[in-house]
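*Asks:* If you want the building blocks of each chain, they are given just below.
Number of protein chains: 2
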Amino acid sequence: MSERYQQYFSANRDHHLNELKELLAIPSISALSEHKGDMQRASQWIADSLKKAGMDNVQIMPTKGHPVVYGEWLKAEGKPTVLIYGHYDVQPVDPMELWDSPPFEAVIRDEKIYARGSSDDKGQVLMHIKALEAILHNEGTLPLNFKFCIEGEEEIASPHLAEFVEEHKDLLAANVLVISDTPMLEKGRPAICTGLRGLCGLQIDVKGAKSDLHSGLYGGAVQNPIHALVHILDTMRNPDGQITVEGFYDKVVPVSESEREEYRALGIDEERIRQELGVPAFFGEKGYSLLERTWIRPTLEINGIYGGFQGEGIKTVLPAEAHAKVTCRLVPDQNPDEILELIRKHVEKHTPPGVTVSVSFFDRGRPFSTPIDHPAIQAAGRAYEKVYGVPVAYNRMGGSIPVVETMGRILDTPVVLMGFALPSENFHAPNEHFHLENFDKGLLTLCEYWFELERSLS
Amino acid sequence: MSERYQQYFSANRDHHLNELKELLAIPSISALSEHKGDMQRASQWIADSLKKAGMDNVQIMPTKGHPVVYGEWLKAEGKPTVLIYGHYDVQPVDPMELWDSPPFEAVIRDEKIYARGSSDDKGQVLMHIKALEAILHNEGTLPLNFKFCIEGEEEIASPHLAEFVEEHKDLLAANVLVISDTPMLEKGRPAICTGLRGLCGLQIDVKGAKSDLHSGLYGGAVQNPIHALVHILDTMRNPDGQITVEGFYDKVVPVSESEREEYRALGIDEERIRQELGVPAFFGEKGYSLLERTWIRPTLEINGIYGGFQGEGIKTVLPAEAHAKVTCRLVPDQNPDEILELIRKHVEKHTPPGVTVSVSFFDRGRPFSTPIDHPAIQAAGRAYEKVYGVPVAYNRMGGSIPVVETMGRILDTPVVLMGFALPSENFHAPNEHFHLENFDKGLLTLCEYWFELERSLS
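Protein sequence lines, in the order shown, are assigned to chains A and B.
Residue 135 in our numbering sits at position 135 of the first sequence; the count goes up by one each step and never skips.
Position in the second sequence (from 1) plus 1000 gives the number in our numbering.
Be a bit skeptical, because a hint or two may be false.
[Stated by the list, open to error] Calculated pairs, DSS-like style, for lysine-lysine (alpha carbon to alpha carbon, straight line, at most 30 Å):
1. Lys-315/A x Lys-1207/B
2. Lys-345/A x Lys-1210/B
3. Lys-315/A x Lys-1386/B
4. Lys-1064/B x Lys-286/A
5. Lys-1169/B x Lys-286/A
6. Lys-79/A x Lys-36/A
[Claimed, not checked] If you anchor each label on the Cβ, the simulated ranges turn out as follows:
7. Leu-1217/B x Asp-14/A: 36 to 46 Å
8. Gly-1311/B x Asn-18/A: 43 to 53 Å
9. Pro-423/A x Asp-1337/B: 23 to 33 Å
10. Glu-261/A x Asp-1337/B: 38 to 48 Å
11. Gln-1275/B x Glu-312/A: 51 to 61 Å
12. Thr-1235/B x Glu-312/A: 24 to 34 Å
Derived by calculation from the structure, the hints in this document are not laboratory data.
Note that the structure is a prediction, hence the values are computed from the model and not measured.
The beta-carbon is built from N, C-alpha and C at its ideal position, and this holds for glycine as well.
Produce the entire structure from the sequences given, and follow the hints as far as they go.
*Replies:* Here it is, written out as structure tokens:
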């Protein structure tokens, strides 16, 4: 099929890029209330585009925040259904002075299109629409059933999406959830992200005496809240970089040797990364590589600590309190609520005499992964390889995008994260751009994917 | 002798108190440059008072800061020499609105004299002058030789005194150094302070990556400077409250069982202190009481710690640096320079991989003690007991007054700290006052002391 679609996309390239420029011209910044009208315009633009592509039942559906755009094509009787998730909102553009061209006037320089949202995520959303439009145009039908769920609050942490998905479970029901919002490994090296870490956070507050004391008068006789806090925190990790909170690793699902082999095969240049970060040496959990430590292993990090005197020189104070903030990155099947509770128990157990300690819980997000050998993942891998001519990289990401896990869990579908952006394309920063090479190859990859997926799920 | 001197001091009481009021009226605040003229006036007042009392060779001696007032009486041929140290400068008076009467207009209410400097230290300096004047008046001679060294910079940490003493070693040479600038145990319970703790301070700076990192991208693979810092700090103390810096206790001179028995006999109400401080329990070095922990044992306290995010909620940052400030209180014969070096080595030894750590040194002051059984101390104890009718308390103080150790060391004399103030008399605070009961009894005690001392040193 490849040649026919190549010709089709070549013939329509200017037309598609002009449509992309139209969409990129709408400053749909979800974080800023003055852009509420732009959010409406952008959602309308997506809805119109879905209709034009041949989608049915297109709706702009309200939430307590910005609306979700829905559309479907369900005429592939007896075939599985794919749900495509994406977002039409973008990040703010500050600092404006660092942009080489206005963020909402897309320009093409050097085969890259520059504008806020070009790679994250308007470019990739439009590719999904245009790929289905192309198949419908060329085949008169689609190999699978399709649903679109394009939200307007991804850049503000999707505060209403879980509720929306829960409420519209039946409408959104699908066999596979596909999201194009993650980066490729590097130029020419497509990647499928098969896992994201979860997150949980807490604060530890240690209180000693009623007020700060003179270290000459009471030093040595009263527990120092900073000493107590550093003791509590130091008991959470051993010299091998393992977290020593009891039960912390109990639910961690071991990652297969073959998946670890995939990561080794990526050939990451650790020395270059070390120099970029400016650290004297890497440090992490014994027995795991740099990638494994950030992708498939959970962590416990102290994000902040404070107590007592922070000024210049010395003050002989025995402070009344001390505080720390801690977050964990979690991997399947760790549960953030359970981990928080384990840490709370650990703090309680290791609190030395003479102080009182309280623990407050913050953010929670569950980890997510789809097995590399899942048919929907393998089909995506074949599609990429056909178009890019190289084997796809199966990677994970150390960060957390809780909405991915939430949607997959509520809808009970495997999630395929197949992105077309490059890590260097300045998402969330000035001069965001998108390589047109990946716009072109991405359209072909998506078309290949739907046929591959139909074959592998049948 | 007691009755004769009682009559003498009764007859001269109004006269003495009027002189004290005159001295207290001079706002000799050493910290504030606008009071430079007052510093001159106060030093002149002291010089005149010494002359009037019968001292010879009275001089107002310049330093790089405020002058020192010197005076002597050296006609007790073949007898030992006593050097009396005190200070004519006072603390600032803010916050003014909390004073019930103007700080430099002394008033007597309820047998207490209220004014800045009344107890710290003008009242006690004048008592020394008036005691010698009384003996000269009544006996026509003194039982010992005497020298006065009354400085003007004690409240700003005596920045020029060590140099002054070093330069005038011969002029100031003495067999005993007597200072009245420490408190009694409580009303009616005189105390001789036989030890002060020394001090040393340092800062620990831990650096990791070039800049703050995203804990999702790098968490688990890069050493977290806060983790490194809490580990370093936690290794400095064990659960029994002992400092585990190698060699820390090596030079600590054990305190005799009889001295520890003295402290037990003081009958401190620990439960009352615990409630006042608001701590759930005391915590300190195993095997020592509350008083011993603050008086005769060295400490290592973290006075401040900071690194990473300190705002509300959670920020998933892996910070680039973390910092701590540490001070130690030292006891004889610990040397502050040696202790700083031991801690530096400890930090080096316990620094985990992946970070660089630097240590900077701050303040240093040596510990001081005079053995309880020293004849000069015992003579003071007998003098107190004769006048107050109760055994004197031999105590120590947990704080540091480096000048005491410095003078004692340079002049190679034992130091007798016999004070007449009460801990409740608001030194350094609004409504500083001095109980006239101790002015009256103190004059008698000092007279008794010089005769007792003559007998015990002969």
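*Asks:* Failing hints, ascending?
*Replies:* Of the numbered hints, 2, 3, 4, 5, 6, 9, 10 and 11 do not hold.
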